[in-house]
Amino acid sequence: MEALDYLIRDGLRAAVEGKAPSAGARRRLLRRAAEQLHRNRRWLWALAPVVPGQPGAWVAGFAWAQLHHINIQLAVRTVAFSYHQLR
Amino acid sequence: MSEDGALIRRLQSGDLDALGVLYDRHRLTVYRTALAITRDPEAAEDILQEAFLRLHAHADHVDTRLPLPPWLYRITVNLSYTWVTRRRKWWVPLEDFIDQLIGPGRYHPEPIAERNDELRVVQRAIEALAFSQRVVIVLYYLNDLSLQEIADILGCPVGTVKSRLHYGRENLRHLLESDTAASEVQYEFT
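Going down the list, the protein sequences come from chains E and S.
Oh and the first sequence: position 71 is 114 in our numbering, straight run, nothing missing.
Oh and the second sequence: position 23 is 26 in our numbering, straight run, nothing missing.
One or more hints might be untrue.
[Unchecked claim] Some but not every residue of chain S turned toward chain E, in silico, with C-beta under 8 Å:
(1) Leu-19
(2) Arg-30
(3) Tyr-34
(4) Gln-52
(5) Phe-55
(6) His-59
(7) Ala-60
(8) Trp-74
(9) Val-125
(10) Ile-129
(11) Ala-133
(12) Tyr-144
(13) Leu-145
Derived by calculation from the structure, the hints in this document are not laboratory data.
Owing to the predicted nature of the structure, the values given are computational and were not obtained by experimental measurement.
The beta carbon of each residue, even a glycine, is placed where N, CA and C say it ideally should be.
Throw the hints in and build the complete structure from the sequences for me.
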């Protein structure tokens, strides 16, 4: 390694040495993750009766497309994708 | 299965304690990488939070047979990129304006040890690099990753990583030389 390499490495290490996230960061993360989980479960609960199979995704997607005047295929794919993401 | 793999399995079944343990194991790596790229402690903390929230949201898609750090590095780099590009629009002009008001003395508020001064100059020079070069420099020199590992994280060929590292080093050399020359001129006139 050249002198420049050592300088770059030492400069980067000095910039972050001893630095750490704040004490409350872990608690905030877990609270937000719990909210995320809760939100997903609410959606799953709402979608569960219709989505688990492909016909379910079609029923939910068709209803959504009718309500919002959007492309049926796109709505069906979005519903199926969202359901699998949430699981 | 690795310890991380077992924790991700627990996370996939909705165990938030596993997320806490994963956070404890990797928080410093993610935080310090984000800090080295953004040079902003608040942004680094936001990126850290968002990276682990994404791990929680996408735990099902994480391959438990593979090591977790490359996945976390990829998310950290992507989030840092978003932060840097958004910030550029609003903050850089403001920073330039403040620089004009305060002048170059901003970085040297008081006499400090020569070595620290040298390291600060290096840090400023790294900050001035293009994002793609800065990321490779940080992953290579701070995180001690190999060229192949960096290529896997960034999703590009090893040759591209080599080239970014080479040009990043050359740009740093150039920036450091010009900074040294500028300091010498300053000393001449003071």
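Evaluated hints:
no.	hint	verdict
1	Leu-19	holds (6 Å)
2	Arg-30	holds (6 Å)
3	Tyr-34	holds (5 Å)
4	Gln-52	holds (5 Å)
5	Phe-55	holds (5 Å)
6	His-59	holds (5 Å)
7	Ala-60	holds (6 Å)
8	Trp-74	violated (17 Å)
9	Val-125	holds (3 Å)
10	Ile-129	holds (7 Å)
11	Ala-133	violated (16 Å)
12	Tyr-144	holds (4 Å)
13	Leu-145	holds (4 Å)
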